[in-house]
Amino acid sequence: MCLGIPGEIIEINRDQPDLAKVSVSGVKRTINIGLLEDDPPLPGDWILIHVGFALSKIDESEAQAVLDFLEGIGQSYEDELAALRDSSIE
Amino acid sequence: MRFVDEFRDADKARALSAKITSLCEPGRRYKFMEVCGGHTHTIYKHGLEDYLPENIQLVHGPGCPVCVIPMGRVDDSIHIARQPDVLMTSFGDMMRVPGSGGNFFDSNAEGTNIRMVYSPLDSLKIARQNPDLRVVFMAIGFETTTPSTAMTVLRAAQEGLTNFSVFCNHVTIIPAIKAILDSPDLRLDGFIGPGHVSTVIGCRPYEFISRDYGKPLVVAGFEPLDILQSIYMLMLQLTQNRSEVENQYTRVVPWNGNAVALHAMSEVMELRPYFEWRGLGFITHSAMRIREKYASYDAERIFSLPGVRVADPKACQCGEVLKGVLKPWECKVFGTACTPETPIGTCMVSPEGACAAYYNFGRFSRSRVREASLHEHA
Ligand code: SF4
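Line by line, the protein sequences are chains X and H. Sequence positions in the first sequence follow UniProt numbering and run 1 to 90. Sequence positions in the second sequence follow UniProt numbering and run 1 to 378.
Simulated from the structure, these hints should not be mistaken for lab results. Careful: at least some of the hints might be erroneous.
[Unchecked claim] With a Cα cut of at most 20 Å, we get these calculated SDA-like pairs of lysine to any residue: (1) K125(H) x P17(X); (2) K57(X) x G257(H); (3) K125(H) x K57(X).
Put together the whole structure using the sequences plus the hints.
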């Protein structure tokens, strides 16, 4: 729950611009990007996601470093991804 | 099985470790607290203590939100879940946190409907789909998750949802650090500051630590090198007689935090006069509650709560562990009566809890630790 997981923005929801589809280690889900409204992310940008909300923008190399790190920690990251897979924010 | 994972850049880590060692004053012992449970996890997972000279000790802090939820609040949650037509949601980590009569799973076995969700926003969808149920999100977490709950309440209000509320258990990190600084049992030389909490609150709120207590704090990222780098920065400050707030994690943490998140939080929530933390007792202004303006989304106002304070189990020494006074393995029930499968205390429940982190990884680097503790007790 405290893990910040990196995701890549795929598309911004047209009807609700505070929602975006992201890809996290291949899992595609909708998350909320409202907390970044001062500097909204665009498709292709990387963000750090906490409990369904993008909390910060990061660059691609940071995203990769965080991913490597998370994949290394094993179970907790798998649990987080499983939870994300069950999520359906709309 | 490999004990301590060699991480990427282990060479760089060794180089940092040499720099850290070179800054140690002979004969002086250093104690740094890593406030955040995520850091504790990295430290044990990668055996970072093995990279540090013996006279530097890392002490685990209270920054694991699951660990600090007192029994009484678990009991209150179950009480709400037992009310007619209630469907409760919470994060997966919460499910095994023991209350006085069992945890959420035990409660579900007796008929309540408490579901795990990934995001508070998932609870909104459940509420929309189940208009005849009262959906209550049991919210926990430090400032990393508080804005998410606040945004969810704002969204519910915008949609005019009437069957959704929040049982707010959000805590704030600054008063906990202050309580530790004021506690007489522990002498610390500096802090490794939490990374993700700081994305929200920024670095300024820590300034009292350097100003009033003369201790350095370095906000750090979560990778092994980040932590070693921040220890190096702390040591550098100490050798140069500085006590400042520094940001090692500039890649993610802006000095001023996230204004939108702070605004959402203060729109929806306000500080409670006091809140009980498991093991630490009551701390003033250390948690958030829903403001009057959003009363119809506040489960504490909708349901009358028993609010009974329940003492922690006798055997449990989580309070000492959360304050950094005891190392996990020094607790009498560690690894015997208390394991991640059968946790007695909360520090064993969450992967960010010091006891769970140590149980899962730490025992493998025990030789080093045993040496250190022999040293201490000598
Ligand atoms: S071993 Fe269990 S009871 Fe003891 S401090 Fe850790 S979590 Fe608490």
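Here's how the hints hold up against the structure:
This hinted pair checks out: K125(H) and P17(X) have alpha carbons roughly 18 Å apart, not beyond 20 Å. Under the criterion of a C-alpha separation no larger than 20 Å, the hint pairing K57(X) with G257(H) is consistent with the structure, at around 12 Å. Annotation: proposed proximity of K125(H) to K57(X) is violated, straight-line Cα distance about 26 Å (limit 20 Å).
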